[in-house]
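Please model the complete structure; the sequences and the hints are all you need to start from.
Its first residue numbered 1, the sequence shown is counted upward by one per residue in UniProt numbering.
FRET-style restraints, in silico, Cβ to Cβ:
{"#": "1", "residue 1": "77", "residue 2": "46", "range": "31 to 37 angstroms"}
{"#": "2", "residue 1": "46", "residue 2": "73", "range": "24 to 30 angstroms"}
{"#": "3", "residue 1": "67", "residue 2": "38", "range": "15 to 21 angstroms"}
{"#": "4", "residue 1": "89", "residue 2": "20", "range": "26 to 32 angstroms"}
{"#": "5", "residue 1": "75", "residue 2": "6", "range": "29 to 35 angstroms"}
{"#": "6", "residue 1": "77", "residue 2": "19", "range": "15 to 21 angstroms"}
The hints are simulated quantities; they were obtained by calculation from the structure and are not laboratory data.
Just so it is clear, the structure is predicted and the values come from calculations on it, not from any experiment.
Beta carbons: idealized from backbone N, C-alpha and C, even for Gly.
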Amino acid sequence: MDESASPSKQAQATREAMQESGITLSAVWMRYFSFTGAAGEYEIDAYLNGSLELPSHERDLVAHAVNELIKELPPRRMAPYSPNGKKPGHGPDPTHDGAKGAPHSESPDGSQDGN
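Have a look at this one:
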C-alpha cells in the first residue's frame with residue numbers, strides 16, 4: 001500500500017480484499033490476534049467499516065492477517081482447453097495486424113500488406 005494512503009483507504013482496500021477472497025471477519029481477527037493484535041473483533045469490524053481508526057501498527061497487523069489468509073487459499077479453478085486445441089500463446093499474434101485485427105496477406109509482388 002502506498003505510504004501516503006489514508007487509513008480509511010487502507011481499511012477499504014483491506015475490506016475489499018477480504019470480500020473478494022471470501023475471508024470472514026472472525027478468521028481475520030483470530031489471525032490478527034495471533035500476531036499480538038490489541039484490538040477486539042468488534043473494533044476490527046468497526047475499522048473495516050470506516051467507523052473507527054486504528055493506529056498504523058494495528059492496521060498493518062490486520063492487513064498482514066488478511067494477506068496471509070489469502071495466501072493460504074487454494075488456487076482458483078481454471079477453465080479447461082479442448083482436448084485437441086492449443087493453449088493460446090502470450091502476447092500479440094505475429095500473423096495479425098494489430099491495427100486492423102486481421103491476418104496479414106501477401107500482395108501480388110510477395111511483400112506483406114500493412115507493413
